[in-house]
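If you read the protein sequences in the order shown, they are chains E and Z.
The numbering used here numbers the first residue of the first sequence as 8 and each following residue consecutively.
The numbering used here numbers the first residue of the second sequence as 60 and each following residue consecutively.
These are computed hints drawn from the structure, not numbers from a lab.
Treat the numbers as computed from the prediction; the structure is a model and nothing was measured.
One or more hints might be untrue.
[What the hints assert, rightly or not] To give a feel for the contact side, a few chain E residues facing chain Z, derived at Cβ under 8 angstroms: (1) R18; (2) T22; (3) D67; (4) E68; (5) Q71; (6) V125; (7) N129; (8) V148; (9) P261; (10) F264; (11) L310; (12) T538; (13) H539; (14) F603.
[Claimed, not checked] Just a few of them, taken from the derived set where beta-carbon distance is under 10 angstroms, the chain Z residues facing chain E: (15) V139; (16) I145; (17) V155; (18) V159; (19) R174; (20) L177; (21) L180; (22) D187; (23) I269; (24) A349; (25) Y375; (26) R379; (27) S383.
Don't be surprised by glycine CBs; every beta carbon is placed ideally from N, CA and C.
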Amino acid sequence: MRPRKLLRIARWEVTKNAGGVDRQTVVIALVALALFTLVVPFVMSGETGLDEGLYRVSVDEDSQFSAVVESESAFAVRDGDVKAVESGDVELYIEPGLITFANTTKGVAAYEQLQSSVDRYNNRELRQEVNQTAAFPVSVVLDYREQGGLGESLRIADSEDEESESSAETGDDSDGGETERSGESGATDGTDGDSSGESDGSPTLDSDGSGSNGGGIGGFGASFNEESVSGSPSDIDPPFPFQSLVLAFLVVIPLNFLIQAYGSTILSERTNRRGELLLVSPVSRFDIIGGKTLPYFLGGMVLESVIVAGLFLAIHGRPGGFISILAVTPLVLLFLSATFLGAMFARSFKELTFVTVTITVTLTSYAFVPAIFTDVGAVALISPLTLLVRELQTETIAISEFVFSTTPPLLCSGVFFGLGAGLYREEDMFDQRSLRGRVLDALVGPIPATGGTGWITGRLDSILPVNITPLRRYIAVGGLTVGLIPFVFVVQLLAIALLFALGEISIILILIVVAVVEELAKSLHIYAGYTHGLFASGRRTALFLGVASGVGFFIAEKVALLAQLVGLPELAVADAGLQGGIIPGPAGLTALLFLFAPLLLHVVTAAISAVGARRGKREYTLAVGLAMLVHLGYNLTVVSTLV
Amino acid sequence: MLAICIQLFIAGFSSFLVVGLTSLYDPQSVDGSNIEVAVSGDVEQELLEASTEVQGVSVQRIATRDDALELFDNGDVDAVISTSSIPAGGASKVQVEAAVPAEDLRTTLIVVTIRELLTELERLERVDRVDYLEQAPVEVPQDVGSSSYFGFTYTILLPLLLFLPAFISGSIVVDSLTEEIEQGTLELLRVSPVSLVDIVDGKAVGMIAIAPIQAGVWMLLLRFNGTSIQNMWLILLFVTAITTLTVVVGTTLGVVTGQRRQAQLLYSLLAVLLFGSTLVLPEHPASTVALLAVDSATIVTLGHVVAFTALAIGLYLLVRQYVSHLDAESL
């Protein structure tokens, strides 16, 4: 890879870009964006009034509720009496001392709306009172404490960390003791005990903290600024993740525009054999890919930096967010790499749209679903967005948390780029194979054909005493399994994030996902190799391939135990998902179980699939199914003895 | 076919997301269990009174806060509330310290319940002090039942489900037009005895037709699920009109730019922008759908439907006109 050539291709991509975005388009796009920014404040302020006039109410002038009804936009005032309620012309009829509501869900909903609007109305009116003590006689400090004695046995590695990190926050935790928050606990809201009586208006949007309507972005700024929840009871905001939601959309949505453009540019290289010109020029494909990606990556980063900096400026009134920008980087890379691979798979723009939508949906949920639980638990750290949310809440972020959160997507994007690059060859780029065929092609890319010395093995040969060239293919197979690990991890993490809320059954569901994903990761490339006739068809070869793949997987998995050491030990489900079962027991036994049993498992299951892959598609499917069952059985046994 | 696939995929995902959102939106609907609260301090009598008014909470009196916290640590109670009366400006004020679990899935539920409990306490306290207030607070009506999804279902879920297909239809039109142009397959179509207008018509009508079908299926599913939806035909007409508008935008961009990337980029921007700018209207299209569905439609609502339909037809004819004047060679 030569930087100069890479940069030149990047420059072309920006300026010429094979039918790039012309000036006119840029102008229109900019105008549209500018108008868009004008609209955003409206939407953010939650005053869209989507429920305007939803309920029809007839109210008597003398009733104490008439002012309430008039102040609430969801009510449309109509004329009518009890008969109108019966005939369904209005939902509520309010007369002094009596409220009649239609006996339908809508009637009940209207009645509930009335209740909540009375609350809001009262709070609004009471704020005008001179005697604020009488108006707001109760002041609350809400304290998020860690509850001891829960799942003690499942915590493995965090006891030391807890002591060292818990002093990060100030405040008058008068009775801290063992329940003090630890840095990694996800207890986001501080506990500073200064009660400010009532919420002093936050500088940004909407400070009345009610936010109970459908749009409900209310209290967005407030929940960042006031660390502890204090004030009148109605000011308490349950740790509901609207802010994460808004953030996720702010950060992730621009990426979707980005990948559309990026996917187009990659695919347009492939349609009409346009990319052939670059391919035959004296640059490596990595230069081409790097050059084509660089502008989008930089553009994306600039965009994200602006958004993050803007957020910090808007919420804290000062620039910041360095860690957040770092945390968003893997996300940008992940979006780009997935789109790259998708564009290498797709045959037409329509397929590309399908692929892009899939990517958008999957990755958005990856970034977004765990971030929903920012206030809940360690699960949140699966998504790098959580780091952003936490930095916005001016919390400390441990290095280990950062690593845990950003490494999987980073490695995963590496895998995607690698696999895509494997396809960036003349014979694959312009060929109209189906998606399935292309996936197999991509997997076969790194496996060398028989004979010859490769780049890595060539070097290794000169260092090692033994000649390992004959083993190249096995090494490649094992290495490819290792390379697929980040992907396996991301899928498993996503599965944990999605399923952990389901309770008991989630462990089993996650184990199923684990078995399926891991077995596929261990065997799919072996199958691909067989379909391409790369391996001799003997059973011995198949067994060796299986062993290679299993060993590779085992090694990578143990290296990847960092996941367990950092974030998730508090979650039983995560244990089940990531460790393949490790029992804290007597040292010898632990070592045995830690090392030997999983190794055996991976080797055996990979060998089963490999033997099946040798024969053909149907046999492969059966064999993988069998391997998954074995894997699932093993995991279930381990987990049931553990828990 | 692929179009339908995409739409189904998105639909599936969005419904999944919606279920997730609703359960977060109203955590109490998920978990109906009882919240155990330990109470200590000098205002406990009032708190106990308040707790009788709130459902799903049971209150234990504990002598001191430390004892209560011990119970909390053992997991015997879900939350601890300690109260004290403090003097403030000549009168007394109730200072409440509430402890809730930091990381627990039930936290949201617990906090919501605590809020309800404390709001009730606040109400009782206010009643005691009503003499000091210039204006007595309006009484909150009694509870009658719960249907908290109602507003959400109609103002957010339903419009989301109905407008997404419309948005995607336009996007697919962009794709299929620009693809024909870029790959040169338009040539092939042109040698057959169809005009450019026919081609555009064919693509547009197909995409316009598919969105109301999906919308209809969604509404039937919602109905099946017990959510009554009124004025289905009017809503379908409205969705068709919106889809026509997005398709018109898509077609125009596709034909004018002739390049997928630009057209798609502009399309997504314009679509978002147009949807945002509908805020200027007296009634947002989402509210139009909501009002129609719950049968609260006014003359304004009907006016919107008519106006959108007229606009859609007018613009579509305009685009047709434009395309028929285009020289197909120039594409």
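For the hint on Z:Y375, does the least C-beta distance to chain E fall short of 10 angstroms? Cβ of Z:Y375 sits 22 angstroms from chain E, so the hint is violated.
Hint status (Cβ of E:L310 to nearest Cβ of chain Z, threshold 8 angstroms): This interface hint is violated because 14 angstroms lies over the 8 angstroms limit.
Does E:Q71 pass the interface check with chain Z, least Cβ-Cβ distance below 8 angstroms? Holds. Min distance 5 angstroms.
When the nearest CB of chain E is found for Z:R174, is that gap smaller than 10 angstroms? holds, 4 angstroms
Hey, does the E:T538 contact hint survive, CB to chain Z under 8 angstroms? Cβ of E:T538 sits 25 angstroms from chain Z, so the hint is violated.
Let's test the interface hint: is any C-beta of chain E closer than 10 angstroms to that of Z:I145? holds, 9 angstroms
Holds or violated: the hint that Z:R379 contacts chain E, with Cβ atoms closer than 10 angstroms. violated, 23 angstroms
For the restraint on Z:V155, tell me whether the closest CB of chain E is nearer than 10 angstroms. holds, 5 angstroms
Does Z:D187 hold up as a contact with chain E if the rule is Cβ-Cβ below 10 angstroms? At 8 angstroms from the nearest chain E Cβ, Z:D187 passes the 10 angstroms test, so the hint holds.
May I ask you to test the interface hint for E:P261 with respect to chain Z, counting a Cβ-Cβ separation under 8 angstroms as satisfied? With Cβ-Cβ at 11 angstroms, over 8 angstroms, it is violated.
Hint E:R18 vs chain Z: min CB-CB distance below 8 angstroms? violated, 18 angstroms
Restraint: E:V125 near chain Z, CB-CB cut 8 angstroms. Satisfied or not? holds, 5 angstroms
The structure does not agree with the numbered hints 1, 2, 3, 4, 9, 11, 12, 13, 14, 23, 25, 26, 27 stated previously, though it agrees with the rest.
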